[in-house]
Each structure stands twice: as C-alpha cells, then as structure tokens.
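Novice: Sequence:
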Amino acid sequence: MGRDRESVPVLLPPELVHELDALVEQGMFSSRSEALRYGARLVVREERRSRHN
Numbered sequence: 001m002g003r004d005r006e007s008v009p010v011l012l013p014p015e016l017v018h019e020l021d022a023l024v025e026q027g028m029f030s031s032r033s034e035a036l037r038y039g040a041r042l043v044v045r046e047e048r049r050s051r052h053n
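The numbering of the sequence shown is UniProt numbering, which starts it at 1 and goes up by one.
Rather than coming from a laboratory, the hints here were simulated on the basis of the structure.
Possibly wrong hints are sitting among the right ones.
To be verified - The calculated label-pair distances, taken between Cβ atoms and stated as ranges, are:
#1 51 / 21: 26 to 34 Å
#2 27 / 52: 29 to 37 Å
#3 34 / 11: 14 to 22 Å
Since this is a predicted model, take the numbers as computed values, not measurements.
The beta-carbon is built from N, C-alpha and C at its ideal position, and this holds for glycine as well.
Hey, can you work out the whole structure from these sequences and the hints?
Specialist: Structural data, given as structure tokens:
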C-alpha cells in the first residue's frame with residue numbers, strides 16, 4: 001500500500017511555531033501539519049502564478 005504523503009523535517013523559529021499553534025487553537029487548522037501543508041500549497045501556487053506573468 002503506497003503512501004500519499006512524504007515526511008519533510010523542518011526547523012522553525014519558536015515564534016513561528018507559537019503562531020502556528022495559535023491558529024490551531026483558534027480552529028483554523030486541525031494540526032500544525034495541516035497549517036504547514038496549507039502554507040506550502042500557497043507558496044507553490046504563488047510561484048506558479050508569478051512564472052506565468
């Protein structure tokens with residue numbers, strides 16, 4: 001059975017982790033991982049958009 005995700009270790013500054021945790025606590029995301037996946041998708045989308053302009 002194949003996996004649909006890969007693990008990508010990342011080190012973040014503590015203040016950014018606290019901000020992510022606050023978003024999770026506010027219910028915007030179910031976990032840190034979900035928040036980071038969302039952010040990664042935004043970066044990829046913006047980069048693709050900027051290449052096409």
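Novice: Does each hint fit the structure? Answer for all of them.
Specialist: Here's how the hints hold up against the structure:
no.: 1; hint: 51 / 21: 26 to 34 Å; in the structure: holds, 33 Å
no.: 2; hint: 27 / 52: 29 to 37 Å; in the structure: holds, 34 Å
no.: 3; hint: 34 / 11: 14 to 22 Å; in the structure: holds, 19 Å
Hint check: no violations occur; every hint is consistent with the structure.
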